[in-house]
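> For reference, the chains in residue letters:
There are 2 protein chains.
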Amino acid sequence: MDAITRIEHALSGAVASAELPGSPPRLAQALRHAVFPRGARLRPRLCLAVAAACGDDRPAVSTAAAAAIELLHCASLVHDDLPCFDDAATRRGRPSVHAAFGVPLAVLAGDALIVLAFQQLAQGAARAPQRLAGLVGIVGGAVGVPFGIVAGQAWECESAVDLSRYQQQKTGALFAAAGMAGAAAAGSPAEPWRRLGECLGEAYQVADDLRDAVADAEEIGKPTGQDALHNRPNAVALLGLEGAMARLEQFAAAAADAIPPCPGAEPMRALILQEVRRLMPRQLAVQAA
Amino acid sequence: MDAITRIEHALSGAVASAELPGSPPRLAQALRHAVFPRGARLRPRLCLAVAAACGDDRPAVSTAAAAAIELLHCASLVHDDLPCFDDAATRRGRPSVHAAFGVPLAVLAGDALIVLAFQQLAQGAARAPQRLAGLVGIVGGAVGVPFGIVAGQAWECESAVDLSRYQQQKTGALFAAAGMAGAAAAGSPAEPWRRLGECLGEAYQVADDLRDAVADAEEIGKPTGQDALHNRPNAVALLGLEGAMARLEQFAAAAADAIPPCPGAEPMRALILQEVRRLMPRQLAVQAA
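Chains as they are written, first to last, in our numbering: chain A, 7 to 295; chain B, 7 to 295.
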């Protein structure tokens with residue numbers, strides 16, 4: 007089974023568990039809306055790519071780790087889109103969860119996705135219990151306090167913010183965890199894989215800024231031009247278009263260089279460079295090709 | 007170390023982990039506000055009482071389970087108090103988290119507490135990995151979908167609600183999980199302990215309705231008379247004061263009868279009857295004594 011099939015299958019199973027008789031039906035619909043149809047699934051694909059590079063001797067564990075990472079990413083999108091944060095009415099070309107189901111169900115859907123992520127890990131690792139505590143630690147650290155997504159988002163509520171810390175916690179942490187969880191799921195040391203995910207997280211952040219600046223809303227499924235509109239700090243404002251493109255290529259190269267020695271290093275290197283190209287706005291990707 | 011000391015010590019450690027340098031300080035304050043000063047800590051005390059009745063051979067695991075249960079309870083209070091749900095300005099005699107820190111930090115504090123709960127479990131069970139998957143399953147099931155607290159709360163967003171299912175998911179599930187997690191943490195089968203927690207959850211629900219009807223706000227730390235004011239279904243409206251008191255005593259007796267055969271059954275029976283008396287509004291407890 008290829009990576010994306012494993013990921014979608016696991017996510018389907020997770021979401022279906024919310025649809026049993028006796029479960030509140032609108033919450034179940036909101037969860038499905040939050041997880042499907044799929045976005046790029048960058049993080050779980052990174053997780054499985056690293057697991058494969060490490061031998062992937064327990065596919066049930068790595069698949070569960072990939073699904074958990076994506077469920078947490080979806081949870082963060084649902085809560086970030088809330089009126090009290092980004093107040094985003096659209097996501098992936100459709101109404102955001104709170105726009106479609108209301109704020110209460112959006113709060114609950116995010117909560118449920120967080121819980122579901124840890125349940126997935128526990129189910130997937132039932133036959134490899136020695137790996138579970140490490141995985142919960144890696145994944146929990148990437149989303150919670152003091153240094154995960156929730157902490158990153160909370161910097162928006164502080165009077166003084168360190169921008170690189172904000173971005174590292176809000177975006178980098180889950181990318182780093184995706185790679186590390188892939189290694190841990192395969193029984194390998196996780197720490198050597200941290201830098202790869204961090205570099206990809208930085209590349210993703212720059213690519214996101216580029217797409218916000220030059221793509222159209224149809225291409226990326228949400229309104230563009232938001233950074234300039236809200237005067238948010240971003241790579242295009244800081245470096246200009248060409249500078250931001252150069253920065254993206256630097257992070258891609260750094261990511262490729264951060265792959266630890268392993269049997270699957272070469273195909274992974276090629277995959278990473280290809281993925282970063284996919285992150286670029288179409289117009290710039292054509293120019294760069 | 008007595009149970010409450012173990013619980014407070016574990017919760018202190020969990021909250022302190024959010025206060026490391028580099029963590030957003032207002033979020034860390036909001037977490038502390040959500041967890042301290044303590045409420046009755048009913049659920050974690052139940053967890054440790056059951057662990058003790060089952061031999062408690064791994065106190066690090068049972069303490070972590072108790073702390074996780076309480077962190078999840080606190081998370082549910084923070085999110086339930088939000089303006090989009092109960093819009094409660096006070097809790098435990100102080101401003102609720104959103105009243106003190108704003109809605110964004112209240113959403114994030116709830117999220118962070120959920121993650122922290124699973125991290126606690128993983129840390130506590132690091133040396134007893136065979137017990138971790140079961141504990142995550144029990145605890146996750148009690149708070150997530152399809153049948154946990156989040157599902158229970160989501161029934162408030164449905165047009166048709168089964169009241170007993172709503173209460174079972176919103177209140178009963180975590181009480182049941184508290185007992186079951188105590189058993190699982192001690193390496194014992196969890197299922198025989200489900201009924202005890204369910205009965206205590208039902209008793210708690212009736213006691214809560216009684217206190218809302220007859221206690222004053224100072225005694226319970228939040229506004230009273232809310233059920234009547236909002237015309238919410240509740241035991242006092244349904245059965246009258248005396249009927250509700252009788253129902254509470256029935257659930258207490260059922261809880262005592264639900265203790266599975268074990269060496270510590272007798273002291274546990276006494277503890278349960280004493281605890282239920284503590285749940286009553288002062289005025290009625292004096293009459294019932």
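Check the hints yourself; a few may be wrong.
Part of the chain A face toward chain B, derived, beta carbon under 8 Å [claimed, not checked]:
hint: 1; residue: 131
hint: 2; residue: 161
hint: 3; residue: 227
hint: 4; residue: 285
It should be emphasised that the hints constitute simulated quantities derived from the structure, not laboratory data.
Ideal placement from N, C-alpha and C gives every residue a C-beta, glycine not left out.
> Give me the numbers of the hints this structure contradicts, sorted from smallest to largest.
Checked against the structure, the hints that fail are numbers 3 and 4, while the rest are satisfied.
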